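Let chain A serve as the given structure and place chain B on it in line with the hints.
There are 2 protein chains.
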Amino acid sequence: MTSTATRSWWGWGSTDQALPDEECVALAGMVPGLPDRPRAVPDVRDLVLPPSRVGPPPSLPVTTDPAARAAHAYGKAYRDVVRALSGDLRGAPDAVAHPRGESDVVDLLDWAGDAGVVVVPFGGGSSVVGGVEYRGERPWVSLDLGALDQVLEIDRTSRAARIQAGAFGPALEAQLRPHDLTLRHFPQSFEFSTLGGWLATRAGGHYATLHTHIDDLVESMRVVTPAGTSESWRLPGSGAGPSPDRLFLGSEGTLGVITEAWMRLQDRPRSKASASATFPDMTAAIAAVRAIAQAALHPANCRLLDPGEAALSGASGGQPVLVLGVESAAVPVEGRLAELTDLARAHGGVVAVADGGRDSAADAWRSTFLRMPYVRDGMARMSAVVETFETACTWDRVEELYAAVRSEVGAAVREVTGAEGLVNCRFTHVYPDGAAPYFTVVAAGRPGSEVAMWDDVKTAASEVLGRLGATITHHHAVGRDHRPGYDRQRPEPFALALRGAKAALDPAGILNPGVLLDELPAR
Amino acid sequence: MTSTATRSWWGWGSTDQALPDEECVALAGMVPGLPDRPRAVPDVRDLVLPPSRVGPPPSLPVTTDPAARAAHAYGKAYRDVVRALSGDLRGAPDAVAHPRGESDVVDLLDWAGDAGVVVVPFGGGSSVVGGVEYRGERPWVSLDLGALDQVLEIDRTSRAARIQAGAFGPALEAQLRPHDLTLRHFPQSFEFSTLGGWLATRAGGHYATLHTHIDDLVESMRVVTPAGTSESWRLPGSGAGPSPDRLFLGSEGTLGVITEAWMRLQDRPRSKASASATFPDMTAAIAAVRAIAQAALHPANCRLLDPGEAALSGASGGQPVLVLGVESAAVPVEGRLAELTDLARAHGGVVAVADGGRDSAADAWRSTFLRMPYVRDGMARMSAVVETFETACTWDRVEELYAAVRSEVGAAVREVTGAEGLVNCRFTHVYPDGAAPYFTVVAAGRPGSEVAMWDDVKTAASEVLGRLGATITHHHAVGRDHRPGYDRQRPEPFALALRGAKAALDPAGILNPGVLLDELPAR
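Line by line, the protein sequences give chains A and B.
Each residue of the first sequence is one higher than the last, beginning at 73 in the numbering used here.
Each residue of the second sequence is one higher than the last, beginning at 73 in the numbering used here.
Among the hints, a few may not be true.
What the simulated footprint calls covered on chain A by chain B, stretch by stretch (three residues with Cβ under 8 Å from a Cβ of chain B suffice, anywhere in the stretch; the number is not a length) [said to hold, decoys possible]:
#	segment
1	308–319
2	403–415
3	466–475
In silico negatives: residues of chain B with every beta carbon more than 10 Å from chain A [stated by the list, open to error]:
#	residue
4	T78
5	P114
6	L119
7	L121
8	D221
9	R417
The set of hints was computed from the structure by calculation and includes no laboratory data.
Since the model is a prediction, treat every value here as computed from it, not as a measurement.
Ideal placement from N, C-alpha and C gives every residue a C-beta, glycine not left out.
So here's chain A without its partners, still in its complex pose (with noise of 0.2 Å):
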């Protein structure tokens, strides 16, 4: 388990990768018109706390500790941290549930539903959707599952193992490697979010193509309801009705909390290599890529960073830059990657192939990876408007939604800032149908105003998203920020549906209110 005595309670990871002062001045003068220097961090201690109003019995685990209550009060959006840094808890939880076993979390969602007390599950707290921050009326305990953090069991023979919700990612995988065994799944939020989080948002993880969301991982899970525990049997497949599973995977904590998974593993890989390609323009990268997508190769990375992604990150000079990358734990995988860069250099692309499986265009480009969101924090202290957002469409309509995003988030951008701003691009997933455009923005704010511009350049990316008929979201979930998108997304007949769960698994209404669903009147 990640420590969390060096967990930023304000903003993302660690208190010692954040950006000192003089960095993030620096930074800043990527964007003319910020300030000249950081905003300073408040002590956590010196905030003031709405009075708790829950009352549980002294045998669950749930504290009123501030600084718990203040750790718990926001995920790590934008919004998030600059609402944190400007001292804003006042909708922090009245308390803090740390479960230690499962009979906890069945104790403390008998005892909400009871009390009327809203239970909003918290894994790493790593949401940027506003996933994990209760906006209603009622009392509210964040339920964080830190402690239930063991891989339990594991199937050698079938490649699979049992794994408490809790677990951090570098937890999990330091205890799956005294078996040769990982579960590969490396969102950007790796060392900060949980199995049980990944799970309830369909995180989006290493794989480029084929198994790009953790869904596809998932052989079964457990999951507590204040109707009852349900446990899938681990399968491999199975066509006995709608899967259960499905149903839970992406429920956002609102149908129940996630205790337990059986995850199917790979062997670790022996065999990697890996290449990059430029190309003179997106139209040729785009084609590029989807004939790679098309022919069903596989690839574990294929990422095309845009002109502007590609060279603030350093993979290029200013042109498109296809990342490729082959893995395999049980053959030679050099026919592979010739097979895909043949397919770049048939579209246009300038091929280089990386010596000895290390390439630079991708070596810089993970570590920038990795750094970019204490980056963006350390922007939000300069009062710049950071926003990253990400959607998939089918091919039909990719170039045609890089294009406007960036034409109608640009002028978004200049609405509200009146100046220029960054919109790059990166494709972080591509399917054969599709691809999964990520694109940061970056602008000038002006200092107490950064939250509304905030909103209003969402607004504009979620209008052009949904005029596209793009998801409102691939990996990042719903939460409460991006409703607006989602609800005019979801089939109006799936929402009847999901709303019909609910009542029959949640009928107090206490699980994660507001998110995916409004919340419905207290009985």
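Here is chain B on its own, set in the frame of chain A:
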């Protein structure tokens, strides 16, 4: 659309493919103790149907024609065929509806909801689990989607097509072929089943690995429910809440009527290669298949025949045979086949690589495969008891399951029939974490007692599957015949959620009651 003129009303497929009497007699030699001549096939015009209890408005495309009602009375399970051969049509639908378009489906559901008439969606009618046969007390209509058989739209760029649910396999492929595209979903029932049926039952298809079920080939779905029409967005991937499509996939007509779907297509394969390998015993063969399934090589075919199955299909003299096939539209596949056969050899396999893409074991198998249901019907006419059932479990239990099923179902056959029967097995689909064994049982029945004997064998099979945690169905669906096993397997909270979803979408409870969920008392 497959011509209905030649469709058998009592048995599988086309009447012109049914086994002649002398072939039935010859086949019966396989099982000692059967009668010396086949039961006659009754003339459907001689059979008595109960009076129809419905009177839909003349504007609706509903018929009470006896031949139509007889042809929609049952699916094509063994027990269906035997009951039809015995002339028992007491449970036939009161009427058959043939909607001409989606608006007819809407109008039919509106009328049925008001009139309290049960509606059972009917695609090709090839259900082998009692999926299209209402067994309750209310009047009912079989809703035959066969006229909705068009490919409506093709997106060549994204390789996807919008296809109506009533399209049979051959008609669907014929409409895609001019575009050099294929769905490549080839269940055994391919000729006699429809896209809508495949989706409603999560059918298993062509691919032995990776995209084993049709689920993964779905881009979006359109479903008419009594509460409105649900249409999901066309997306290559999404993380926006639980997947709407995954709730309707496998819903077997209980939540709505699937009218069309955008399906992900493939380029037609340009290179194919196949091989077969014989093994000294099932332990070695299973180890080889597991190694292949866990190597992420994704062969299109990976079908293991046990000694009995291999002997019956002429693929070997009595050793386990593994049939391997690879295919690609983009790259040569010989290297991939070699990787697979290397793994087979490493586990004791004796490999025969097919010349010029043709393999005699594979060919022998394929023709036997498509003939099997006709053989089953011929055997049924000879009063043999024939059952096929399929399952899936994780690798740690595969050998135990194989042995236990053969032993316990074999014992049940002896007890029920007083003689030895055949219990053969093949693995139809394999996964990194497990396999999907498919069993065929053939035993000597007693004329007049076949259905009761079949039910006893089925019960024994379901019992051993459930005890060992193997799914009650990998791709045949639940229907009514698999309900006890399904109820045991399904987590109770998921059953509550599904009932909640159904109550929201089908408040009058008219949609295929008894499948997946118990029929609720009429309002």
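Exercise. Starting from the hint list further up, note which numbers the structure goes against and sort them upward.
Key: Hint check: nothing fails, all pass.
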